[in-house]
Amino acid sequence: MVLLGFIDEPKGGKTTNDDNPSNWTISRIGGQAAFPNDTISTKVKSSLLCGKCQKEQIFVCQLYCPLDGHKYDRAIYLFACRNPSCWNASNSWTAIRCQKYDETVEEPMPVDIESPAKVPLSSTDWCDDADAWNSDDDGTTTTTKKPAPVPTIIKKEIKQEPEVMLNTMKIEDDDHNNESEKSSSDEEDDNNNNIEVNTKKKSSNKNVSVASSDAFNEWKKTNLSKQALNVSNSASFPFYYIVIDDEDDIVDEAKLNEKRKLRKAMKKLGDIDEDDDDETTKGAKEKYEKTPDFEHGDAVFHRFQQKIRYAPDQIIRYDWSGHPLILTKADENTLSSAQKCRNCQSSCNFEFQLMPALVNFLKIDNQIGLEFGTVFIYTCSANCWDEKNDLYRVENVFVQADPDQNLFD
Amino acid sequence: MAERGGTRGGFGTRGGRGGEGGRGRGEGGFRGEGEGRGRGRGRGRRGQRPKEDTKAWVPVTKLGRLVNDGKIRTLEEIYLFSLPIKEADIIDRLLPDLKDEVLKIMPVQKQTRAGQRTRFKAIVVVGDGKGHIGLGVKCSKEVATAIRGAIILAKLSVIPVRRGYWGNKIGAPHTVPCKVTGECGSVLVRLIPAPRGTSLVCAPVPKKLLQMAGIQDCWTAAKGCTATLGNFAKATYAAMAMTYSYLTPDLWKETVYTKTPFQEYSDHLANTHKKYTVGLGDKHYQ
Chain D
225 MVLLGFIDEP KGGKTTNDDN PSNWTISRIG GQAAFPNDTI STKVKSSLLC GKCQKEQIFV
285 CQLYCPLDGH KYDRAIYLFA CRNPSCWNAS NSWTAIRCQK YDETVEEPMP VDIESPAKVP
345 LSSTDWCDDA DAWNSDDDGT TTTTKKPAPV PTIIKKEIKQ EPEVMLNTMK IEDDDHNNES
405 EKSSSDEEDD NNNNIEVNTK KKSSNKNVSV ASSDAFNEWK KTNLSKQALN VSNSASFPFY
465 YIVIDDEDDI VDEAKLNEKR KLRKAMKKLG DIDEDDDDET TKGAKEKYEK TPDFEHGDAV
525 FHRFQQKIRY APDQIIRYDW SGHPLILTKA DENTLSSAQK CRNCQSSCNF EFQLMPALVN
585 FLKIDNQIGL EFGTVFIYTC SANCWDEKND LYRVENVFVQ ADPDQNLFD
Chain F
338 MAERGGTRGG FGTRGGRGGE GGRGRGEGGF RGEGEGRGRG RGRGRRGQRP KEDTKAWVPV
398 TKLGRLVNDG KIRTLEEIYL FSLPIKEADI IDRLLPDLKD EVLKIMPVQK QTRAGQRTRF
458 KAIVVVGDGK GHIGLGVKCS KEVATAIRGA IILAKLSVIP VRRGYWGNKI GAPHTVPCKV
518 TGECGSVLVR LIPAPRGTSL VCAPVPKKLL QMAGIQDCWT AAKGCTATLG NFAKATYAAM
578 AMTYSYLTPD LWKETVYTKT PFQEYSDHLA NTHKKYTVGL GDKHYQ
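Going down the list, the protein sequences come from chains D and F.
Just so you know, we're using my numbering here: the first sequence kicks off at 225 and counts up by one.
Just so you know, we're using my numbering here: the second sequence kicks off at 338 and counts up by one.
Just so you know, these hints were derived from the structure itself, not from any lab.
Check the hints yourself; a few may be wrong.
Example chain D residues on the side facing chain F (calculated, C-beta under 7 Å, incomplete) [unchecked claim]: (1) Thr266; (2) Val268; (3) Ser271; (4) Gly275; (5) Ala313; (6) Ala439; (7) Leu480; (8) Leu486; (9) Pro516; (10) Asp537; (11) Phe585.
Treat the numbers as computed from the prediction; the structure is a model and nothing was measured.
Where a beta carbon is used, it is the ideal one built from N, C-alpha and C, also for glycine.
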């Protein structure tokens with residue numbers, strides 16, 4: 225069950241009942257971190273340094289996320305480095321977990337619904353595919369029949385990103401282009417029966433002339449001027465609370481709304497001739513098109529978009545021991561490095577991820593202060609905690625950059 | 338849908354799963370998290386979230402953010418910098434007067450073990466009449482979903498169309514700059530420049546596309562099975578895409594920015610080295 229977080233009111237908003245910035249059991253972004261007690265905040269400062277440039281990190285968000293059947297109040301804090309050269313790097317982020325024993329929490333009723341948390345991957349896979357019976361829903365899962373939760377691991381090297389080779393300007397023969405594109409995509413289809421990746425490398429083979437790359441560089445200088453990092457300790461992102469909602473509910477509601485709206489639009493269109501046999505001549509029948517043909521060719525990002533399209537303003541996606549929604553393809557090795565707990569050596573599982581929409585709210589002086597594509601947080605599956613000594617524990621972070629980040633650098 | 342109980346304003350597996358348990362667990366009273374109301378930053382505050390119609394666009398990609406902030410003002414800049422467009426809202430923002438039109442919706446069938454499965458395929462063309470055209474094809478179980486998906490795909494595939502003159506360069510460009518051809522499947526579409534006033538001499542399908550692109554006069558020649566509307570439309574789209582790929586004489590004078598080393602240091606070379614007649618230093622080769 226996936227929970228989504230959205231931006232709520234800023235500090236001092238209308239609902240002043242629980243407008244308490246120092247309450248550590250509230251989920252929010254920006255401002256200053258609120259730890260369960262002050263000793264933690266002083267002690268933790270030493271570990272809040274960027275892994276790359278050793279500068280102090282800025283507080284991004286805190287999430288209050290107690291676990292099922294667990295008598296602890298639990299919160300996770302995220303810090304990141306503001307230095308533009310450290311953006312999109314996993315080691316410039318820090319995740320801190322704080323817990324506090326809470327006597328008053330009652331044991332949950334033994335309800336069946338709780339078991340999904342512990343169900344191993346294989347059985348849920350089977351159930352997920354049961355609906356997919358050769359029927360795709362609204363084209364969202366047109367391309368995959370494999371178990372949805374597994375992060376897409378494309379073993380074959382499929383070059384999807386358009387590589388604008390500014391130095392190699394060749395005037396390429398267009399016919400030659402088309403041929404090579406077709407052959408490569410055929411190859412892909414054969415080998416990769418799970419994911420039908422549309423490898424139309426249209427943009428990669430465009431003629432990049434000297435003029436456009438110069439113009440781009442000029443434009444980049446004026447517009448993407450990454451301002452010098454003014455390290456002021458008081459710099460913080462604007463303060464917003466987070467409101468949490470269930471993904472399933474939102475999706476169902478949005479689908480209903482969509483259908484209602486489209487039905488109205490459909491009425492204008494008039495009757496669609498569903499009995500088409502008389503119109504089509506022999507051999508002119510339209511074929512069943514399986515994969516949508518999109519120009520940019522980035523299938524992984526397209527799937528990401530399809531998943532979030534009912535709630536594109538989501539900033540947090542919480543799915544404890546679930547699977548992250550990847551933004552660009554991630555290979556096995558890099559993800560696995562984030563999957564071992566630093567403290568107790570047991571495995572980590574995915575807890576939540578920050579979505580790209582959050583970047584719009586991380587502004588300082590109306591300029592973007594921190595950029596990323598998406599950020600996965602992996603936490604200890606055993607939730608290790610030493611009641612006597614511990615004040616906080618560090619968790620693993622994995623950052624994925626925006627799919628076109630390399631074009632802007 | 339039951340109002341989701343506040344769960345101390347938290348994410349997490351506790352108090353979330355199964356929902357209803359949240360209220361019964363005494364959280365309402367504890368921690369002062371707003372008993373009964375709001376429950377802290379709890380869930381179930383869908384009422385506060387804006388309705389879908391009034392939602393502003395929240396960009397997800399870096400390019401989307403730049404467009405949203407106004408750092409990129411025209412679509413031409415994106416074309417010039419060869420940046421891939423991955424969000425349809427970008428096109429909405431940069432081309433506000435874009436119109437869309439459904440060319441055709443047809444049922445297509447696939448044979449499955451349990452009989453035939455029918456889906457609807459929608460072909461949509463978007464254009465602003467000022468040199469931008471996009472074509473989207475989407476298949477879906479429901480007509481409305483197919484149309485909506487096709488519109489989004491069409492927006493993602495917007496390309497510029499170059500217009501030129503047939504003869505005298507008077508007034509605004511009105512026709513294709515040269516003979517261009519596009520192919521898709523068995524269909525071949527050839528667009529030929531025509532004098533002003535000819536209007537579009539073609540079949541209804543390419544006529545729609547050419548109109549939306551802003552081409553006023555054109556002769557066409559089509560070959561192949563043009564009854565397959567999808568291929569016919571795609572072939573016309575491909576032909577229009579070729580207009581900016583074609584190097585016409587007026588584009589010959591693309592300036593070269595740097596002097597060749599032989600030219601720059603020709604004096605020095607003349608004095609110190611024997612001049613080999615390679616011809617590069619010659620003025621005629623500018």
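Could you check if Val268/D really has its C-beta closer than 7 Å to a C-beta on chain F? violated, 21 Å
Are Ala439/D and chain F close enough, Cβ to Cβ, to be under 7 Å, as the hint says? Cβ of Ala439/D sits 6 Å from chain F, so the hint holds.
Given a cut of 7 Å on the nearest C-beta pair, is the interface hint for Phe585/D held or broken against chain F? violated, 9 Å
Hint validity - Thr266/D Cβ closer than 7 Å to any chain F Cβ: violated, 25 Å
Hint validity - Asp537/D Cβ closer than 7 Å to any chain F Cβ: At about 4 Å, which falls below the 7 Å cut-off, the nearest Cβ of chain F leaves the hint on Asp537/D intact, so it holds.
When the least beta-carbon distance from Pro516/D to chain F is tested against 7 Å, hint result: holds, 6 Å
Given hint Leu480/D near chain F, where the shortest CB pair must fall under 7 Å: Violated, because the Cβ-Cβ distance from Leu480/D to chain F comes to roughly 11 Å (cut-off 7 Å).
Leu486/D as an interface hint toward chain F, with CB separation required under 7 Å: holds, 3 Å
Let's test the interface hint: is any C-beta of chain F closer than 7 Å to that of Ser271/D? violated, 23 Å
For the hint on Gly275/D, does the least C-beta distance to chain F fall short of 7 Å? violated, 23 Å
Tell me if Ala313/D is really an interface residue toward chain F, meaning its C-beta lies closer than 7 Å to one of theirs. Cβ of Ala313/D sits 16 Å from chain F, so the hint is violated.
Hints 1, 2, 3, 4, 5, 7, 11, counting from the list given before, are not met by this structure.
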